[in-house]
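S.K.: Take these sequences, add in the hints, and give me the full structure.
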Amino acid sequence: MPSSSRWLLVLLIAIVQGQRIAERKCNEYREEVVTRKGLVALTLTSKPIYYNIYKCSKSVDLIVGGEAARKDEFPHQALLGWPATERGRKYNFFCGGSLISERFVLTAGHCGFLMGVGKPSVVRLGENDLDDGGEDHADFDIAKFIKHPNYKYKFGYYDIALVRLVDRVLFSKQIRPACLWTGRVMNFTSGVATGFGLTGDAGDSSSTLQKVTLNFVDNRVCDRIFAGTRKLATGLNDAQLCMAAPRGERKDTCQGDSGGPVQVVIDNAGCTYHVVAITSTGGACGVENSAAVYTRVSSYVDWIEKVVWS
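Residues -18 to -1, 1 to 292, numbered by mature numbering (1 follows the signal peptide of the UniProt record, and there is no 0), are exactly what the sequence shown covers, in order.
Since the hints were derived computationally from the structure, they do not count as laboratory data.
Warning: the hint list may mix true and false statements.
Unchecked claim - Below, a list of computed lysine-lysine pairs in the DSBU-like style, where the Cα atoms sit at most 30 Å apart:
| # | residue 1 | residue 2 |
| --- | --- | --- |
| 1 | K155 | K134 |
| 2 | K213 | K129 |
| 3 | K288 | K126 |
| 4 | K7 | K126 |
| 5 | K288 | K129 |
| 6 | K134 | K288 |
| 7 | K72 | K129 |
| 8 | K53 | K72 |
| 9 | K213 | K126 |
| 10 | K72 | K155 |
| 11 | K136 | K213 |
| 12 | K213 | K7 |
| 13 | K53 | K7 |
| 14 | K72 | K288 |
| 15 | K7 | K136 |
| 16 | K53 | K134 |
| 17 | K101 | K126 |
| 18 | K136 | K53 |
| 19 | K101 | K136 |
| 20 | K129 | K7 |
| 21 | K134 | K101 |
| 22 | K7 | K72 |
| 23 | K213 | K155 |
| 24 | K53 | K101 |
| 25 | K136 | K126 |
| 26 | K155 | K126 |
| 27 | K129 | K101 |
| 28 | K53 | K155 |
| 29 | K288 | K7 |
| 30 | K213 | K101 |
From a predicted model like this one, the values you see are computed outputs, not experimental measurements.
M.R.: This is how it looks when you write it as structure tokens:
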């Protein structure tokens, strides 16, 4: 059977079962982090009482404002690495990403080639502090960088890509995939962006994973900010999102955060994050009332499913 026919068969089965493939995989990922335990009183008539133990380190509050993430708080966070030229360093990490399966990382299309450094060669998982040499991170060679077929480097549209790893990832508490947000409707007003990028336009890259809560705002806000730029010559489209810090806050994503996730936690979801968007295009970092453009993941779920799970 041709590969295209196999993919259509898989898709039809998933539709008949009432779930997308991405949603089915999400349920599998949730089960990975939940252990069901039972308590039984020592009487003949007693019935067991069951409870769930979550094998994760989800933070209770996702705090606005460039806070350091807790260890293992974002186990799907990935780093894309380029061979370093300076002594004492093996890789430089210029982009982020999200682990979404045993073999694939979701990132931005423009991370496939950066001026002056070329193509990324590795993906690092399980990293929380770049200065901590004893951390349980793991590096995976990149087999293929798959940009969306409509992506063009000089523009900011279709800015999404999938990184296929040479070896499969063994999931653990430190390294675990995120779910994809598959619906067009978003019943939340903010999301948490994570990354190791610059802490400001004139700042240094952060050595520890940072998290910041940003609000979803009307796309016209970004249209005004990026009007006249070649990257977004026709303004934002429905496959893009505009996000900004709460009014008066100087918090934002910045260079080095590209490709990283914007995520939400859904109640009773087994402490698994849903990736809603991918950091794509920004202006000045950390400037009051600034905003940035993000790729809407739900617009590309069909393509992601075909590449990752066909």
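S.K.: Hints the structure violates: just list their numbers, smallest first.
M.R.: Hints 1, 12, 14, 15, 16, 18, 22 and 23 contradicted; others consistent.
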